[in-house]
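Trainee: Now for the letters of each chain:
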Amino acid sequence: MRARITDAVFLELVGHIYDAVCDPSRCPEFLRAFATAVDGRGTLIFSHNMDTMEGNMASDATSLNAAVNFDPEFLKSYDEYYSRLNVWGMNEPQLKTGRAVTGSMLFPVRDLPKTEFYNDWLRPQDFFHVLGGVVVRDGPWATHFSSGHSRRAGDFSPEQVRLYQELVPHLARAVQTQRRFGFLQGLSESSFAVLDTVPAAVIVLNAASRVLHSNANGEAELRRGDPFRLGPSGAIRIRGRLPAQTSLRRIIAAALEPIRGVHEGVPGIMQIARRSGELLSVQAVPLPRRDRSLSAIMIGPQPAACALVIQGSASDLPSIGPQLLRHAYGLTAAEVQIASAIAEGQTVKEYAEHRRISRNTAASQLKRVFGKTGLKRQSELVRWLLLCGASRKSGAARS
Amino acid sequence: MSVRITEETLHALINLIYEAACDPTLWPEFLSAFACAVEGRGTLIYSHNFDTMDASTGAAGGFPNAVVGFDPEYLRSLEAHYNHVNVWAQNETMLEPGRPVTGSMLFPDRELPTTEFYSDWLRPQDYFHAIGGIVVRDGPWAMKFSSVRSRCAGDFSSEEMRLYQALLPHLARAAHIQRRFAFLQGLSTSSLAVLDTLPAAVMLLDQSTRTLHSNAAAEAELRRADPFRLGPSGKIRIMGATWAQAAVRTAIVAAVDPALGVNGGLPTVVQVSRRNGEKLSVQALPLPHRRGERLGTRIGQRLAACALVIHGVASRVPTLGLQLLRHVYGLTPAEVQVALAIAEGETIKSYAERRRISVNTVSSQLKRAFEKTGLRRQSELVRWLLLSGAALQPGSR
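From first to last, the protein sequence lines stand for chains A and B.
Under numbering that gives the first Met the number 0, the first residue of the first sequence carries the number 0, and numbering increases by one thereafter.
Under numbering that gives the first Met the number 0, the first residue of the second sequence carries the number 0, and numbering increases by one thereafter.
Be a bit skeptical, because a hint or two may be false.
To be verified - What the simulated footprint calls covered on chain B by chain A, stretch by stretch (three residues with Cβ under 8 Å from a Cβ of chain A suffice, anywhere in the stretch; the number is not a length):
| id | stretch |
| --- | --- |
| 1 | 11-23 |
| 2 | 73-86 |
| 3 | 168-182 |
| 4 | 187-199 |
| 5 | 342-352 |
Said to hold, decoys possible - In silico PhoX-like links for lysine-lysine, alpha-carbon gap of 25 Å or less:
| id | chain 1 | residue 1 | chain 2 | residue 2 |
| --- | --- | --- | --- | --- |
| 6 | B | K366 | A | K371 |
| 7 | B | K371 | B | K348 |
| 8 | B | K234 | B | K278 |
| 9 | A | K375 | B | K234 |
| 10 | A | K375 | B | K366 |
| 11 | A | K348 | A | K366 |
| 12 | A | K366 | B | K278 |
| 13 | A | K366 | B | K348 |
| 14 | A | K348 | B | K366 |
| 15 | A | K375 | B | K278 |
Hint data in this document are derived by calculation from the structure and do not stem from the laboratory.
Computed from a predicted model, the values in this text were never measured in an experiment.
Even glycine gets a Cβ: it sits at the ideal position worked out from N, Cα and C.
Could you build all of it, start to finish, from the sequences and the hints given here?
Mentor: Encoded structure:
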């Protein structure tokens, strides 16, 4: 009746599983191939919480969750409601991880038609028999891999159960590896997100001085193309000017090899002007290596070796300072405004003229700022405002 | 002659390949099992460069690398010299990814004994026949998988070739997984290294506010334990002040769920003091939420949910500004020192007293610093020095 499951079919399925590790969007290829092999129809990998009976069909970068041959509406209603009524799931806590079971082993087939789960969720989809099990368990959460088909198709055969059983160790390894990838990816994304809050353009380069990552300001700086731009090979170029190009190469070389840079007296910083004349300071910062062995990498992915930090004299004032003034010290809006103006380099006179208020008013506003914060001098105010937000420009990090 | 290679053997080898892909220390187990199946002896996975004829049996580009049945001395001499005279590697057109070859297909067996490669490298190890091929190629670099055996063992059979061929796609996939792992590991290491260069203390916290990572400044801050310290469960505690504890917790809650924070009017910035009265500003920074991230968090994945950024008022003036003053504007060391003192919050008078010089001397030093830089006021100097390099400082650990 059914085609014998050949060795080639098994190996192809194994291949599909590991293809999905590097690219979870390929998981449906595995599910479809498995469905074909076992005459299943709806086939899915999902997470299930055994304590709360919550289901989670959502796929993301840290799981292999996916479904084929299911109506999304039914997946949604499962998440929202029917996962709690899943009669097969009731016996799950006793299920051994990695063991293949059929629905009939978990709940009497003759009782199934009496259940709400069957009548309102399975039957409308023409599902009756199921082959499945727990692939990986992590606290109350279990990763399930299941395939179902109609009553007419009959229960899953021992051969099909065996195929499932043989695939589960591979699937478990794939799920765990995928999680590790997701964790590392999350860690990189998080730390790069913190970099986005630095009020300077930060461009991370590898040892071949190719751009590995730019923070939000770095991207904006490169888009601006004045004077920095990205060369075709991913290296930083400076428009037009050859001497500047050479200086940039020198400070990068010094950052890549800090000891040589120091010995040869390379300062590690340079200045360069935009077309408008605005001066930018450029610093190449050597990156500490937590893991020395990474420096041995010759081909393929290269670790970051230095960071290029570009700052203009017109850098924005970080906004955490003003926020702090309001929340922690109870400054009024006008008082915050004059404090920010001073920190941005205006004098009291300039501020008063700019705001069309008298100098006396401005001076007494500033005096109240000093009174409330306990600061004594303008330079102290500037210092405090800049430092308490030096690495933070508010605004949502890119998502 | 050779034992028939069974389906079980193939399955076991494939399983070993994927085990090794997820844990590279297991590659020798696969190689030993393969050597056993094909009656090879020296078996290895290494990287070969077709442009330079360099060989690498060390970690190269995240490609798997492992060796069984070779004396380390011979591997060293292979890398140092003999791979460059490897007659089997010179026939590049025959070596395409996914295609198994034997030594005799690449170079005539009867001429092999006349080569330096055989006489000085293969023969002393009692090797003559080889089976091998390219698993994956990346530019000039190729991941090679080979097994060699003695002349008396005879050439590799077609059945052994078939086994080799069946393993190749799985090896390629394993190499892909391992390189992806190396890439992600490199990327996260790099990104954490960049965090170390920030002057602020940065701690990445997970959804349950446990610390996932602290940058260099944060590690120092936690060692200081005034007022922040790490609780036994990895959560951030604040010594003494319970209101500060509550305020920081509120800020973290607001950061982990930004919508709640904004709607609930929760501030994401709070201020706490050290014992000596120094004020610290603490900000809980929401981190980008990837789609479905919460699932990862719930099933025990520890993903970063927010970053705690701590600034001290007494933070050091970044070195970039000082370097600029010296190298770009040509200030003398004394002028740089006055400028630095002002930026760090001293007045002319207190600086003069501390340095035991007259106020007039300090004033004129500062005046020259203003002239050379084009700055006009003390507050401008403070602003300029703090902004020029406030972001990063050279890190060294």
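Trainee: If you check each hint against the structure, which ones fail?
Mentor: 2, 6 and 9
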